[in-house]
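Start from chain A and add chain B according to the hints.
First to last, the sequence lines map onto chains A and B. Once you know that position 247 of the first sequence is 246 in numbering that gives the first Met the number 0, the rest is easy, because the numbers rise by one and skip nothing. Once you know that position 53 of the second sequence is 52 in numbering that gives the first Met the number 0, the rest is easy, because the numbers rise by one and skip nothing.
Think of the hints as simulated: they come from the structure by calculation, not from any bench. Predicted, not measured: the structure shown is a model, and the values here were computed from it. No residue lacks a Cβ here, since even glycine has one placed at the ideal position from N, Cα and C. A portion of the hints provided could be inaccurate.
Claimed, not checked - Dumping the calculated DSBU-like pairs for lysine-lysine here, alpha-carbon to alpha-carbon at most 35 Å: (1) Lys52(B) <-> Lys24(B); (2) Lys19(B) <-> Lys52(A); (3) Lys19(A) <-> Lys154(B); (4) Lys21(A) <-> Lys127(B).
What the hints assert, rightly or not - Derived coverage of chain A by chain B (criterion: at least 3 residues anywhere in the stretch with Cβ under 8 Å from a Cβ of chain B; other residues may be distant): (5) 67-81; (6) 96-104; (7) 131-143; (8) 154-160.
Read off the chains here:
Protein chains: 2
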Amino acid sequence: MLNRPQVTLVKVGGKIVEDKSKLTKLLTDFVKIDGYKVLIHGGGRLATQLAEKLDVETQMVNGRRITSDEMLDVVTMVYGGLINKNIVARLQAEGVNSLGFTGADANCILSEKRPVKEIDYGWAGDVKKVDITAISSLLKKNIVPVMAPLTHDGKGHLLNTNADTIASELAKALSSDFEVKLVYCFEKEGVLRSIDDESSVIKILNYTLYKECIMQGIIDGGMIPKLDNAFAAIECGVKEVVITKSTAIGDLSRGTRITA
Amino acid sequence: MLNRPQVTLVKVGGKIVEDKSKLTKLLTDFVKIDGYKVLIHGGGRLATQLAEKLDVETQMVNGRRITSDEMLDVVTMVYGGLINKNIVARLQAEGVNSLGFTGADANCILSEKRPVKEIDYGWAGDVKKVDITAISSLLKKNIVPVMAPLTHDGKGHLLNTNADTIASELAKALSSDFEVKLVYCFEKEGVLRSIDDESSVIKILNYTLYKECIMQGIIDGGMIPKLDNAFAAIECGVKEVVITKSTAIGDLSRGTRITA
Numbered sequence: 000m001l002n003r004p005q006v007t008l009v010k011v012g013g014k015i016v017e018d019k020s021k022l023t024k025l026l027t028d029f030v031k032i033d034g035y036k037v038l039i040h041g042g043g044r045l046a047t048q049l050a051e052k053l054d055v056e057t058q059m060v061n062g063r064r065i066t067s068d069e070m071l072d073v074v075t076m077v078y079g080g081l082i083n084k085n086i087v088a089r090l091q092a093e094g095v096n097s098l099g100f101t102g103a104d105a106n107c108i109l110s111e112k113r114p115v116k117e118i119d120y121g122w123a124g125d126v127k128k129v130d131i132t133a134i135s136s137l138l139k140k141n142i143v144p145v146m147a148p149l150t151h152d153g154k155g156h157l158l159n160t161n162a163d164t165i166a167s168e169l170a171k172a173l174s175s176d177f178e179v180k181l182v183y184c185f186e187k188e189g190v191l192r193s194i195d196d197e198s199s200v201i202k203i204l205n206y207t208l209y210k211e212c213i214m215q216g217i218i219d220g221g222m223i224p225k226l227d228n229a230f231a232a233i234e235c236g237v238k239e240v241v242i243t244k245s246t247a248i249g250d251l252s253r254g255t256r257i258t259a
Numbered sequence: 000m001l002n003r004p005q006v007t008l009v010k011v012g013g014k015i016v017e018d019k020s021k022l023t024k025l026l027t028d029f030v031k032i033d034g035y036k037v038l039i040h041g042g043g044r045l046a047t048q049l050a051e052k053l054d055v056e057t058q059m060v061n062g063r064r065i066t067s068d069e070m071l072d073v074v075t076m077v078y079g080g081l082i083n084k085n086i087v088a089r090l091q092a093e094g095v096n097s098l099g100f101t102g103a104d105a106n107c108i109l110s111e112k113r114p115v116k117e118i119d120y121g122w123a124g125d126v127k128k129v130d131i132t133a134i135s136s137l138l139k140k141n142i143v144p145v146m147a148p149l150t151h152d153g154k155g156h157l158l159n160t161n162a163d164t165i166a167s168e169l170a171k172a173l174s175s176d177f178e179v180k181l182v183y184c185f186e187k188e189g190v191l192r193s194i195d196d197e198s199s200v201i202k203i204l205n206y207t208l209y210k211e212c213i214m215q216g217i218i219d220g221g222m223i224p225k226l227d228n229a230f231a232a233i234e235c236g237v238k239e240v241v242i243t244k245s246t247a248i249g250d251l252s253r254g255t256r257i258t259a
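Isolated chain A, as found in the complex (with noise of 0.2 Å):
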C-alpha cells in the first residue's frame, strides 16, 4: 500500500457552480492542485431555474428532490450538458487536460432507483457499484475526470444522484488504488462551532466529537448526511477529508479535517 499515487477530489455544491466569479476562482485555484485530481459538481439551482422556465415543477423533501420524468430531462441537460461541459472547456482553456463523466459514462457508477416508501422520489439513484477503471486509466494520463451528479441503471435509464454521495462513493473506491483526499467546499469557512463566528471552525473532527456535536446542537441540518458522508468515507480507506469554504481549496488548513 507504499507510494500508492495521490488523488484530491474536490466537489463543489450548486451555489458556486451558479456564481460566475465563485466558479472561476474556485477553478483557478483546482487547477494549481498537486497530482491527480476530480471535480464532482452539483447544480441543483440551475435545475430549479431551468424547471420553472419549462414549467416543471420542483418539489424537494427532506433537501431531495423528487425527480419526474421531465425533471430527470431537465437534470439531465442542465448538469449533464451545461454545467457539465462548460468547467471542461474551462479547464481546457487553463491547460488542464479534462473529461466531462456521468455514472452512466464508461460505466463508473451503477445505481439503483431509489425503493419506494413512504416517498416516490421517482429517478433518484442510490449508488450501488462504483467501477474505477476508465477513471483511475484516464487519470493516469493526467486527464482530469470532471463528474455530474448523474448515473444510471444498467437497463437504459439515467438517475438523478446525490453530488455529495458521489464524491464519497468515488472517493472510496478510489482508494482501492490511490491515496485519496476529499473535499468537501461550501460557503463556510468549515464546521463551525457557532454559526454565524467564521473564526470559530473545529480544525479536526472525529467521530466522537461529532456525536457530541450532534447531541449539543452545535451539528445539524443539512451537515449531517454530509458529514455522514464524510465518516463513511474515512471509514472505508479514504485518507483525508477536509470541509472548507470554496475560496479557501488552495489552502486546506482551513478548513475542517475529518479523522477517525
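What follows is chain B alone, placed relative to chain A:
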C-alpha cells in the same frame, strides 16, 4: 500500415435521434457492429423544440444554425446532456461500454469561432485540430465514444459544430491509427438517382460520377455538403464511406459506397 485495427464511425442525425423507435432500432443494429466503433449524433430538431419553449429564437441560414449565447446553452444542454447521456445509458443497457464526448472533452476537437463575413453565425465552430489520443486509447479498452456535435475554442468557450463535419474530421484523424469506415445514416436508402425512387440507389459513387450527378441536377441541396465531407474523408485516408438509411446499418451493402 498493414493490420491496422478497424473502426466503424456511425453518424446519425437529429431526425433519427428524436424518434424513439428509430433510435432504438439504430442502437440495436449499432451494438451488433463488429470491432471498434464510434457513434456521432446530431439533434437539431430537439434543440429547436427546447429553444421554442424557452423563447430563444431559432435562426437558420443555409441550413446552419445561428448560435447566440442563449442558443449555445440550449445546444449544450440538448446535445451534450439530454441526447448524449441518454444514448450512453442505453448502450450500457445493451452491454456496450460507452462514454459521451464533446470536442472539449479530452481536448479532442479544437475549433475556431467561424469568422464573421456576410453572416455572423455566432458560437459556431469550424474544426481546427483533432486529437485522437484519448479516443484511441478508450477504443482499445473496448469503450465506445459517443460524440455530441459540440467543440471548444481552447479559450473556455464551447462551439456548436456540424455533426457531419465532426464525423468526417474524426474519421480522417483516426485514419492515422485505424482502418476507418464512416457511415452516414439518413432517411433515404442511399444517394438516389431519382429522389422519389428508393430503389434507384447509386451503389458506387466516385468523384467523377459525383460531379456529373451535380451537373445533371441528380444530386443537390443538403446532399452536396454531406458528399463533399465524404470525399474529403476518402482523400485523407478514410478507407470507406457509406451513405445509407438509418435502419440499414446492419447491411451496409444496401447504401451508397463512396470511393475515390
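For the stretch 154-160 of chain A, do three or more residues have a beta carbon lying closer than 8 Å to a beta carbon of chain B? As far as the stretch 154-160 of chain A goes, the hint holds, because 4 residues have Cβ atoms under 8 Å from chain B.
Is it true that the CA of lysine 19(A) sits at most 35 Å from the CA of lysine 154(B)?
holds (16 Å)
- How about the stretch 96-104 of chain A: do at least three of its residues have a C-beta closer than 8 Å to a C-beta of chain B? Holds: 8 residues of the stretch 96-104 of chain A have a Cβ under 8 Å from chain B.
Discussion item. Lysine 21(A) and lysine 127(B) were given as a pair; does the straight-line alpha-carbon distance stay at or below 35 Å?
Written reply: The given pair, whose Cα atoms are some 31 Å apart, holds under the 35 Å limit.
Straight-line alpha-carbon gap lysine 19(B) to lysine 52(A), limit 35 Å: holds (25 Å)
Are there three or more residues in the stretch 131-143 of chain A whose C-beta lies within less than 8 Å of some C-beta in chain B? holds (count 6)
Verify the proposed pairing of lysine 52(B) with lysine 24(B), using a straight-line Cα cut of 35 Å. holds (29 Å)
State whether the coverage of the stretch 67-81 of chain A by chain B holds or is violated, taking the criterion as 3 or more residues with Cβ-Cβ distances under 8 Å. This one holds; 8 residues, not fewer than the three required, reach chain B with a Cβ under 8 Å.
When held up to the earlier numbered hints, the structure conflicts with none and fits them all.
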